[in-house]
Amino acid sequence: MAQVQDKNRLYTFLRPYVDWMFRRSYRRIQYVGKENIPTDGACIFSPNHSNALCDAMAILTINSSRKVFVARADIFKNSRQAKLLKWLKIMPINRIRDGVDEVMHNDETINNAVATLRDGVPFCILPEGTHRPMHSLLPLRKGIFRIALRANELFGHVKPVYIVPVGLEYGDYYHLWDDLTVNIGKPINVTQFVKEHPDLDYPQLIMALREELTLRMRELIMWVPDDENYEQNITQLQANPPAPFNKFTKRNLSRGFVIPLLILLSPLFIVSLALTVPLWAGVLIIRRKVADSAFHNSIQFVWQLIFITLTWCISLPFWLFVQEYMYQIRQLKTKS
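When we follow the working numbering, the leftmost residue of the sequence shown carries the number -8, and every step to the right adds one.
Simulated from the structure, these hints should not be mistaken for laboratory data.
Each residue gets a CB set at the ideal place from its N, CA and C atoms; glycine is no exception.
Each hint should be verified, as a subset may be incorrect.
Just the calculated beta-carbon pair ranges, DEER-fashion [as the list claims (entries may be wrong)]:
id: 1; residue 1: R123; residue 2: K238; range: 20 to 26 Å
id: 2; residue 1: D(-3); residue 2: D65; range: 41 to 47 Å
id: 3; residue 1: L252; residue 2: R0; range: 44 to 50 Å
id: 4; residue 1: N220; residue 2: N69; range: 22 to 28 Å
id: 5; residue 1: D(-3); residue 2: D283; range: 30 to 36 Å
id: 6; residue 1: A282; residue 2: R6; range: 30 to 36 Å
id: 7; residue 1: L252; residue 2: R278; range: 35 to 41 Å
Starting from the given sequences, assemble the full structure and let the hints guide the process.
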């Protein structure tokens, strides 16, 4: 029986194009710290979760290796949908919000994740367990550590098991055409960590690993420690962002330059808008019908991927122009 981590010819064929389209969905994107990805052991990616499906795509496009992901178990209830998700190399996982009884069924997911790692395929789990479009970090769930410790127990003597913290920083959580930084941190060598803490029992190991991973993930994002003074703190951080986020500091182009340029380009904008009606109309429908705005970018990406593919990419340059034009308008509104 085929396993989720197995190679698939169609998936392998389509993967470079999907990666390329994701990169075209952002105005500027940078991958920092690729040299931190281990090559001598099992690799578990651990990114923050702030932008739904786009978070998984950001991890997928770090390099060309195939990766396996997890998603909430309730979306696997439809058999056809479950088959598609498996083809996309996604496996189900129950969350504590689904009930304690449901979480007890995660043993199968843990075993499948360990099998994936044993086969040399990187695994990705978003340890916060839910997304939140904020520059913060929710308490990490225990699933990632259970997978890492189980893998280490079964084959840590053959190859080390690593947890790789990743910080995802979006210039805009609600519009695709902006900046994205994928900041890859120093990995936690779980095999070595266990050897260095022989006095800790299993629950203590999980707590120690959670504390270590939390600290490392906070260092990889523009982390705001509390919600009470969130707006003030994030404004200060964005005004003087730390490396590597300072590479994408917004350029304050004068209104006297941007406005005449937009007026000059407005005929081309109208033409591009007319040629991409199904795309932007679909985006507007998405934004009205999807209550959780954190999903807007993800569904928009899937929609534009489908439409641009069906039009043999003819609409792509016009769509990119529309996106850039609207980006400049948003910048003007921010300044006003």
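Does the Cβ-Cβ separation between L252 and R278 fall within 35 to 41 Å? 27 Å, violated
Does the Cβ distance between N220 and N69 fall inside 22 to 28 Å? Violated: the Cβ-Cβ distance is about 43 Å, outside 22 to 28 Å.
For the pair A282 and R6, does the Cβ-Cβ distance stay inside 30 to 36 Å? About 31 Å separates the Cβ atoms of A282 and R6, which means 30 to 36 Å holds.
Status of the given 30 to 36 Å range, CB of D283 versus CB of D(-3): Hint holds: Cβ distance 33 Å, inside 30 to 36 Å.
Do the beta carbons of L252 and R0 sit within 44 to 50 Å of each other? 47 Å, holds
Would you say the C-beta atoms of R123 and K238 sit inside 20 to 26 Å of each other? 25 Å, holds
Lying within 41 to 47 Å: is that true of the beta-carbon distance D(-3) to D65? Since D(-3) and D65 have Cβ atoms about 25 Å apart, the given range 41 to 47 Å is violated.
Going through the hint list in order, the structure does not satisfy hints 2, 4 and 7.
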